[in-house]
Amino acid sequence: MKFYDLHVHSEFSEGESSIEEIAERAKILGYSGICFAEYFKNFRKIEELKKKLNDVSKRVGIEIYLGFEARNSYELSKLAKKRKEFDILLVRGGELNLNRKAVETKEVDVLTHPEFGRKDSGLNHVMARLASENNVAIEINFREIVSLSKTSRSLLLKNIQRNIMLCRKYGTPLILSSGAISHWHLKDPKVLISMACVLGLEIKEAKNALSQVPGKIIQISKGRQDERWIMPGVKVIS
Amino acid sequence: MKRLKILIPSLRERKRYIAFQVIHEKGEDFSYSDMESALWDAMLDFYGELGVSQTSVWLMKDLWNEKRKIGILRCNHKSVQKVIASLGLIERLGDTRVTFKILKVSGTIKSIKEKVRL
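First to last, the protein sequences are chains S and W. Here my numbering is used: the first residue of the first sequence is 1, the next is one more, and so on. Here my numbering is used: the first residue of the second sequence is 1, the next is one more, and so on.
Treat the hints as calculated values from the structure; they're not laboratory data. Note that the Cβ used here is the ideal one computed from N, Cα and C, for glycine as well. Check before you lean on any hint, since a few could be wrong.
Claimed, not checked - Quick list of the computed label-pair ranges, beta carbon to beta carbon:
#, chain 1, residue 1, chain 2, residue 2, range
1, S, 1, W, 56, 23 to 31 Å
2, W, 78, S, 51, 28 to 36 Å
3, W, 91, S, 232, 35 to 43 Å
4, S, 85, W, 56, 27 to 35 Å
5, W, 29, S, 227, 52 to 60 Å
6, S, 72, W, 56, 42 to 50 Å
7, S, 233, W, 53, 49 to 57 Å
8, W, 28, S, 200, 53 to 61 Å
9, W, 44, S, 233, 48 to 56 Å
As the list claims (entries may be wrong) - Now the stretches of chain S that chain W is said to cover, found in silico as 3 or more residues with beta-carbon under 8 Å:
#, segment
10, 51-59
11, 138-149
Claimed, not checked - Listed next, the in silico EDC-like pairs over lysine to aspartate or glutamate satisfying Cα-Cα at most 20 Å (straight line):
#, chain 1, residue 1, chain 2, residue 2
12, W, 26, S, 16
13, S, 222, S, 47
14, W, 113, W, 66
15, S, 58, S, 48
16, W, 26, S, 20
17, S, 82, S, 55
18, S, 216, S, 205
19, S, 82, S, 47
20, S, 51, S, 11
21, W, 78, S, 24
22, W, 78, S, 226
23, W, 2, W, 49
24, W, 101, S, 24
25, S, 50, S, 95
26, S, 2, S, 205
27, S, 150, W, 13
28, S, 84, S, 48
29, W, 101, S, 21
30, S, 78, S, 95
31, S, 78, S, 47
32, S, 27, W, 114
33, S, 158, W, 45
34, S, 222, S, 63
35, S, 235, S, 107
36, W, 26, S, 24
37, S, 150, W, 114
38, W, 15, W, 66
39, S, 52, S, 24
40, S, 2, S, 202
Excised from the complex, chain S in its bound form:
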C-alpha cells in the first residue's frame, strides 16, 4: 500500500529541515510520496523549487510534490488562478471565512486543520457538505495533537472527533498528515493510522485517508496539469 503525506514544510516556508533531510526520513519511514507546502511569497521561486524537488526526488527515490498553502482569501484567489502551475493547493484552516471559502472553491485540494486555534471545530454540516460536493479533503493534523497538552489537547481532540463525524456523515474526503516542520516531526504511517483509529475512524477508513484519498488528489492534480484540461470535468479529447 502506498502512503502519502501531503502537508510537510521545508526550510523554504516555516520548516526547520532541508528538503533532502525530510525526503530521506520519509523514505525510511515507508512513505511513497510527500508534498511540500510552500507559502505564496515563494511563488516567484516556483521554477527553482520545482527543479530542486525533482533533483531530490530522483536522488532519494521518493515522489515529491509541490503544494502551496494559502493563508488568507487574497492568497487563495491568486493561487486558484495559477492552479495548473503546481501540484496541490492547500488552505490553512482556522479562520471561519477562509474555511468557508476553501470548501466552496473547486480548485482547493485540502483544507488543513479547520479547527486550528479555535474553540469550536471550524466546520459545520453545511461546510462539510460543500467540501464533499467540491471534493475538498479535510485534514487531520498530527503535529497539532503532539504540540498541545492537557486541556488544550483534549479540546482539540474533541473538535477533531466532531469533524470526523461530520465528514463520515457527508462523505467528505479525509486525509491524515504529520504537518511536519522538521524531519523529526514525520511519523510512521502506522502511527498516523493508529491515531486516527483512536479518534474514531475504522482501520480501513484510516488507511484510505493516508493512501487512497491523497493518491486520488495527486491523480486529479496530474490530470489538471495536462494541456488538454479546461476545468473540472471538461477536457479536450481530440
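With chain S fixed as given, assemble chain W onto it according to the hints.
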C-alpha cells in the same frame, strides 16, 4: 511466596507484540529506562490511569536491543492501535530527539523474533 495457578487458555488475555525501532539523532544516546519512562508518561498523559490499565502495556526489558535500538512492547489485542498511537506522541528520550518506526505486530514472541532478528 506461592505463585498463582496459570489461567486456562480460554480465560487468558490475547496478547500482541509490537516491534519498533527508535530512530535517533546521531551522536546522542539514550537508555532503556529513558524509553520506559517516556512511554509511561506519554500513555498516562494521553489515556489516563484507567485507560492505560485497560491496555496491559509492557515494554519487555529482556528483548531490548541496545545496539540497534529495537524494542518489543506487549499489550492486549484490543489495544494495539492505542499503544502504537502513543509512540507517536514521544518526541524526545532524555535529551535526544527521536522518531519511531513500527517494524511488526505479531501474536507470538517467536514470530516477532524471527521477523526482527533480535
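Comparing the hints with the structure gives:
With their beta carbons about 29 Å apart, residue 1 of chain S and residue 56 of chain W fall inside the hinted range of 23 to 31 Å. Distance hint for residue 78 of chain W and residue 51 of chain S: a CB-CB separation of about 49 Å, inconsistent with the stated range 28 to 36 Å. In this structure the supplied range 35 to 43 Å holds for residue 91 of chain W paired with residue 232 of chain S, their Cβ-Cβ distance being about 40 Å. At about 53 Å, the CB distance of residue 85 of chain S to residue 56 of chain W disagrees with the hint of 27 to 35 Å.
At roughly 55 Å, the beta carbons of residue 29 of chain W and residue 227 of chain S sit within the given window of 52 to 60 Å. Against the hinted window of 42 to 50 Å, the Cβ-Cβ separation of residue 72 of chain S and residue 56 of chain W comes to about 49 Å, which satisfies the hint. The hinted window of 49 to 57 Å between residue 233 of chain S and residue 53 of chain W holds, with their beta carbons roughly 54 Å apart. With their beta carbons about 36 Å apart, residue 28 of chain W and residue 200 of chain S fall outside the hinted range of 53 to 61 Å.
In this structure the supplied range 48 to 56 Å holds for residue 44 of chain W paired with residue 233 of chain S, their Cβ-Cβ distance being about 51 Å. Figure legend: the segment 51-59 of chain S, annotated as covered by chain W; annotation inconsistent (0 residues with Cβ-Cβ distances under 8 Å, at least 3 required). For a cut-off of 8 Å, the count of residues in the segment 138-149 of chain S with a CB near a CB of chain W stands at 4, and the three-residue condition holds. Between residue 26 of chain W and residue 16 of chain S, the direct Cα distance comes to roughly 17 Å. Compliance with the 20 Å bound is thereby established for this hinted pair.
In summary, the hint linking residue 222 of chain S to residue 47 of chain S is supported, as the alpha carbons are separated by about 17 Å, within the 20 Å threshold. Taking the CA atoms of residue 113 of chain W and residue 66 of chain W, the gap is near 15 Å; set against the 20 Å cutoff, the hint holds. Taking the CA atoms of residue 58 of chain S and residue 48 of chain S, the gap is near 16 Å; set against the 20 Å cutoff, the hint holds. Distance restraint check for residue 26 of chain W and residue 20 of chain S: the Cα-Cα separation of roughly 17 Å lies within the 20 Å cut-off, and the hinted pair is therefore satisfied.
With a C-alpha separation of about 23 Å, the suggested pairing of residue 82 of chain S with residue 55 of chain S is violated against the 20 Å cut-off. For the hint pairing residue 216 of chain S with residue 205 of chain S, the CA-to-CA distance comes to about 14 Å; that is within 20 Å, so the pair holds. Taken as a hint, the residue 82 of chain S and residue 47 of chain S pair is honoured in the structure, with Cα atoms around 14 Å apart against an allowance of 20 Å. In summary, the hint linking residue 51 of chain S to residue 11 of chain S is supported, as the alpha carbons are separated by about 16 Å, within the 20 Å threshold.
For the hint pairing residue 78 of chain W with residue 24 of chain S, the CA-to-CA distance comes to about 33 Å; that exceeds 20 Å, so the pair is violated. This hinted pair does not check out: residue 78 of chain W and residue 226 of chain S have alpha carbons roughly 47 Å apart, beyond 20 Å. This hinted pair does not check out: residue 2 of chain W and residue 49 of chain W have alpha carbons roughly 29 Å apart, beyond 20 Å. Distance hint between residue 101 of chain W and residue 24 of chain S is fulfilled; the C-alpha atoms sit about 14 Å from each other, no more than 20 Å.
Taking the CA atoms of residue 50 of chain S and residue 95 of chain S, the gap is about 30 Å. The hint is violated against a cut of 20 Å. A threshold of 20 Å between alpha carbons decides the hint, and for residue 2 of chain S with residue 205 of chain S the separation of about 15 Å falls inside it, so the pair holds. A C-alpha spacing of about 31 Å is found between residue 150 of chain S and residue 13 of chain W, which places the hinted pair above 20 Å, so the restraint is violated. Between the alpha carbons of residue 84 of chain S and residue 48 of chain S the distance comes to roughly 17 Å, so the proposed pair stays at or under 20 Å and holds.
At most 20 Å may separate the alpha-carbon atoms for a hinted pair to count; residue 101 of chain W and residue 21 of chain S meet this at roughly 16 Å. Straight-line distance between C-alpha atoms of residue 78 of chain S and residue 95 of chain S comes to about 18 Å, which keeps the hinted pair within the 20 Å bound. A distance of roughly 17 Å separates the Cα atoms of residue 78 of chain S and residue 47 of chain S; the hinted pair therefore holds under the 20 Å criterion. Restraint check for residue 27 of chain S and residue 114 of chain W: the C-alpha separation of about 24 Å exceeds 20 Å, so the hint is violated.
Between residue 158 of chain S and residue 45 of chain W the CA atoms are separated by roughly 16 Å; this keeps the pair inside 20 Å, and the hint holds. A threshold of 20 Å between alpha carbons decides the hint, and for residue 222 of chain S with residue 63 of chain S the separation of about 13 Å falls inside it, so the pair holds. Distance restraint check for residue 235 of chain S and residue 107 of chain S: the Cα-Cα separation of roughly 15 Å lies within the 20 Å cut-off, and the hinted pair is therefore satisfied. Taken as a hint, the residue 26 of chain W and residue 24 of chain S pair is honoured in the structure, with Cα atoms around 15 Å apart against an allowance of 20 Å.
Simply put, residue 150 of chain S and residue 114 of chain W have alpha-carbon atoms about 40 Å apart, too far for the 20 Å limit, and the pair is violated. Among the hinted pairs, residue 15 of chain W with residue 66 of chain W is inconsistent with the structure: their alpha-carbon atoms are about 24 Å apart, more than 20 Å. Straight-line distance between C-alpha atoms of residue 52 of chain S and residue 24 of chain S comes to about 14 Å, which keeps the hinted pair within the 20 Å bound. Between residue 2 of chain S and residue 202 of chain S the alpha-carbon distance is near 18 Å, which keeps this suggested pair within the 20 Å criterion.
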